[in-house]
Amino acid sequence: MNKLSLSRISFIGYVALVLIFLILPLLIVVPMSFSDSRFLSFPPSSFSFRWYETFFNNPGWMSAAKTSLIVAFSTALIATPIGVAAAYAINNSSHWLMRYLKIVLLLPLIVPIIIVATGVFFIYALSGMLYTIPGLIMADVMLALPYVITAVTAGLHGFDQTQEMVARSLGMNRFRAFMSVTLPQIMPSVMTGAIFAFIQALDETMVALFISGGQNQPLTVRMFTALRDEIDPTIAAISTLLTAASFALVLLLVLARRQPTA
Amino acid sequence: MKATAINNNYPHVSHRDASLGYRRREHALMLLLMSPAVLVVFVLLLIPLGWLIGQSFYADGFSLEHYQRIFTEGIYWNTFWVTFRISFIVTLLALLMGYPIAYAASILPRRWSMLVLALVILPFWTSVLVRAYAWLILLQRSGVVNESLLGVGLIDAPLALVHNELGTIIATVHILLPFMVLPLYATMQKIPSDLIQAGASLGGTPLHVFMRVFFPLSLSGVLAGMTLVFVLCLGFYITPELVGGGRTVMASMLVSRNIQLYSDWGAASAVSVVLLICVLAIFYVVSRLVPLEKILGAK
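If you're matching them up, the sequences are chains A and B in order. Following numbering that gives the first Met the number 0, the numbering of the first sequence begins with 0 at its first residue and continues without gaps. Following numbering that gives the first Met the number 0, the numbering of the second sequence begins with 0 at its first residue and continues without gaps.
Next comes chain B alone, as it looks inside the complex (with noise of 0.2 Å):
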């Protein structure tokens, strides 16, 4: 498509001998441009990742026995299944509280709209250390949330905030939040107005426009948001380790623990495997119904 528009550019290689030769040379230097960072990513990610599928069919030879262990071990399916619980409550509460605030910034006038988005990618643009460490003196039990709590006389005694999976989840949601509210903001912010005024004019109350209208337009950004953030918060290390405490053992301190305590290469890799395989699966289903680059575009 594009090389058609080069030759079309170029009265002097009309000739259809010498356009063919142009477009060969051509496609070889853009793969020769390509091939500095393919490589970089061939050998520090795609071999290593063959290698890792290569390892957990190992054991002495081929076997499933790594496979084996995590369906049938408790240990291991308890992981997953609070993984997933995680992500799904975090995707959620994402959706709960960045919808609005896509939408404020998408309908507000500029300037306060620059202001909403401003607050949304400051902490995106902040350590998620320096989040998780905020977050470690907020929630602790001599915190800032507990102490303000027993101040104006609301609990008795300090709650159990954090170094356990409510914490991980507060901080979660927090540091995953921007993965929610950029991709909806690109969305709504290209819904087109008249359609709302129509929608109005018609006689539609707000609710009824916003519903039948605006929502179902800002469907795409929903999916790429949610799509964002659970597939990020399925391989989330930093924040539950920190925050919560070790104690909430997610799918990735599985594997870093498999590999750091145990040396069992096994088992870690056969974990990787399975959360991968989730990973790419939906990846793969919501990129046929919302391109790659629109669900990535905020990362």
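Chain A extracted, bound-state conformation (with noise of 0.2 Å):
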């Protein structure tokens, strides 16, 4: 063991520093968001909230955020239900079609980011629904569903079904049978997806680009425009605000996973 130690201790040490890689970027914004100093400095020379308050001040920044938020609820609230149903019936049936079915659903995540842009930008264009809220929404659910569906298909897996029998056959119809017995005991599960289908719609920025605009731009599409063009600390302030709600949504995770599952 004892000529193990070197190496251990060089393994220990390299593994330290590969997270200190890792962390180190999300620590640096935090200080950066409070400098008093207009330009990039670190450490910042004094300390204030004025990036804070131009953030909260400025109409531009607010109208993004509330686009942002609009988005990522509704698109919770869409994709939670549709990807529920996608993923019981993926649970329950052993038809052919289902194969392809959930390949077509898992597309969303398997094609390149900029190729859905483009498509959902031309069906958009064509539909006179490019520049929309609802188009933000609808395109976000589309990318929401295979993590909901993904979520959801494990909580199933976890679930003995012959419960949602044994309630059916005393008499309840299916969709009460399941929203009574099977629904709460997936709830951490479709609570995940939930989450998970917010946070992606909070972040997603890529499709945003392409088919948001004007009044209806959100956060991600006016950041990487600030970033383009210049880099303003108001975006420190952004993003030390961004990544204190993804912590506070993580940590909202745990807890839903730490719930007793049945």
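Read the hints as simulated data drawn from the structure, not as lab findings. Watch out, some of these pointers could steer you wrong.
Computed list of lysine-lysine pairs in BS3-like fashion (alpha-carbon distance at most 27 Å, straight line) [to be verified]:
no. : chain 1 : residue 1 : chain 2 : residue 2
1   : B       : K189      : B       : K293
2   : B       : K189      : A       : K101
3   : B       : K293      : A       : K101
Two chains, each in its own frame: build the complex with the hints.
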């Protein structure tokens, strides 16, 4: 074992370095956002909230934040029931079509996002959905579906289906049996799916770059344009808020998973 | 397989005809439940894909002009070459950095392994834009990295770390690393520790046991992680556009520029189709060895 300790120490050191590489960029943004200086400097010279004030006092940023939140909530609300229905069907059916439909539902993850964006842009240009909020929501629903379906399918795998059968054989109709017996028990995975859908819609940039515009630009698109043109420290403030929101959601996710499953 | 299980659980539909009718209704119901999700993907993804493929063969009638351009014009060739080169380098770096992380997470005591996994997952959940911004701060001319290196005296002049291929690679590795670690960890976690102990008790040195027992058993995770990172990198847009400063042109940027700057749908769709064929071919080949769900599990 003694001979090993040197290699063990270098292994631990290497792992620690990679972990620092992973986490450092997230930590660097926070002090930047509290800096008083217009120019990027680290560590910042003096402490201030001015970039947060800029963000909250700028109607442009605020309307973008509002759009993002509306889109993210609506996406979670629409994608979750559609995804739960699909996951239930995938779990219950052995129809030959299912194998292919399952792959179809995974396609939004497989097709490179630039191609998805191009395609959605084309279909919206034809149907007049370009630059609208419902357009953004539907695109995000499509992108969120694979996450919801994967999460809920996993939940259904761990659930004993005969319980639902028992409820039905006792006279409940299928929908009620699902709602009162199955759903409460797979709730943690449904919540996981809903949170995935929310975060994915909040983060989505590529498709939104193509199909959003004018009044209906989400936060990510505004950030992208701001970052491409000049580095504005307001971005650091927004980044910190977004990172904090992600962390809060991950915590929520952990709590949702902690709930006892049957 | 599931259908027979259902019938066994249903004493009152044991009659063969009733069972057949039940099964038919069951199938119809399941397809109905599936339909909203399928409809969304069909309208927003499959129809446009069909149209893109059609466009790529169209220039005043059927034509291979757009494809010819890809294979003859230097800028297209070069873009695909750069895209594949960056993807290879990123995948390799992600494997070299991700494997030890996943290994550590799988062998460390639970508390430590949770910490390691948390540090992998937190950036995973942070917006790509936030991370691109962070790398711009870190890597720019007067950025944190250059200032520290100058301060320590390791370099005399700031290094060009950003707005080039190097910056793109660094930021892309950072963004894609979790996609390597998570499938690797999922595989390693399932390797029974008995096997490792058995290997050791039979007199194998730790290195020998690792090379002959652990590593071969983790290969399906390696394949899943490498595929995911490589394929995602092929289609990367935001990071090269921001951190690469628009100078490192990858395939997806070629698509976007052809549409947004030149409204050249023919060229854009041909590039898209070539990119899509590469991605689907990789997924198809790898899915023969590792199930698709396992590869996409981390995404």
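Against the structure, the hints come out as follows:
| no. | hint | in the structure |
| --- | --- | --- |
| 1 | K189/B / K293/B | holds, 13 Å |
| 2 | K189/B / K101/A | holds, 26 Å |
| 3 | K293/B / K101/A | holds, 14 Å |
The structure agrees with every numbered hint stated previously.
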